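Listed here are the chains, written in short residue letters.
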Amino acid sequence: KNEVEQSPQNLTAQEGEFITINCSYSVGISALHWLQQHPGGGIVSLFMLSSGKKKHGRLIATINIQEKHSSLHITASHPRDSAVYICAARGTSYGKLTFGQGTILTVHP
Amino acid sequence: ETGVTQSPTHLIKTRGQQVTLRCSSQSGHNTVSWYQQALGQGPQFIFQYYREEENGRGNFPPRFSGLQFPNYSSELNVNALELDDSALYLCASSLDFGGQGNSGHTEAFFGQGTRLTVV
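As given, the protein sequences belong to chains A and B, one line each in that order.
Per this note's numbering, residue 1 is the first one in the first sequence, and the count goes up by one each step.
Per this note's numbering, residue 1001 is the first one in the second sequence, and the count goes up by one each step.
Quick caveat, the hints were computed from the structure, so don't treat them as lab data.
Heads up, a few of these hints could be off.
Claimed, not checked - Think about it this way: if two alpha-carbon atoms lie no more than 20 angstroms apart in a straight line, the pair counts; the simulated SDA-like pairs of lysine to any residue are: (1) A:55 <-> B:1106; (2) A:54 <-> B:1106; (3) A:53 <-> B:1063.
What the hints assert, rightly or not - Covered stretches of chain B, going by a simulated chain A footprint (3 or more residues, C-beta under 8 angstroms): (4) 1032 to 1040; (5) 1073 to 1084; (6) 1106 to 1117.
From a predicted model like this one, the values you see are computed outputs, not experimental measurements.
Cβ coordinates follow ideal geometry from the N, Cα and C atoms, glycine included.
Input sequences plus hints: build the corresponding full structure.
What follows is the structure, encoded as structure tokens:
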């Protein structure tokens, strides 16, 4: 079992739909990152959170430390949101990030 | 766009050769981590440098080595290249306040990656 598990692995939505991607982790963390990766490879950091909830535009990230679970929500999804979304757990011994396998999101017009 | 730049963006090497990849960290950042991402997989941690010292390493053989310079830029060197080394290599920089995972740190910013193909 991977230390960081994401679900679903693939997600297809129609424009305007509300989207949720889930991330569960089994290791102790100092923070959890949500990242976006487009074809071509570059990674963009969306959120870093260690408790509670953060919001940026149409994106919302939540984390429950006790349950070791985090979610990324996208409201009013748009085709430009199509990308791979990755959660990554930052360890407590040093800053190593352990990545989930990613969720491939495709939003159709 | 982040302030983290990687060079080169693409590279083709022959099996057995050596390669050096470079990463310029975001201004003010003192920590650089390197990751290998094989096609269709999530990135895997190679190692991390904090204030010019390696302070963490993943499950990669010694032919993967690195350096961090006084300006906190970093290099990843791979010797005796193998076909399986073909991957996207990503670096991430952050400002860490103690070098430990829970000693306080800023968000990590990633470069665009170097795509290495070994033939």
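Here is how each hint holds up against the structure:
1. Using a Cα cut-off of 20 angstroms, the hinted pair residue 55 of chain A and residue 1106 of chain B holds, with the two alpha carbons roughly 18 angstroms apart.
2. Taking the CA atoms of residue 54 of chain A and residue 1106 of chain B, the gap is near 15 angstroms; set against the 20 angstroms cutoff, the hint holds.
3. At most 20 angstroms may separate the alpha-carbon atoms for a hinted pair to count; residue 53 of chain A and residue 1063 of chain B exceed this at roughly 41 angstroms.
4. Only residues whose beta carbon comes within less than 8 angstroms of a beta carbon in chain A count, and the stretch 1032 to 1040 of chain B has 3; three or more means the coverage holds.
5. Only residues whose C-beta sits within less than 8 angstroms of a C-beta in chain A count toward coverage, and the stretch 1073 to 1084 of chain B has 0 of them, not enough to reach three; the restraint is violated.
6. Beta-carbon proximity to chain A at under 8 angstroms applies to 8 residues in the stretch 1106 to 1117 of chain B; the threshold of 3 is reached and the given coverage holds.
Violated hints, listed in ascending order, are 3, 5; each of the other numbered hints is respected by the structure.
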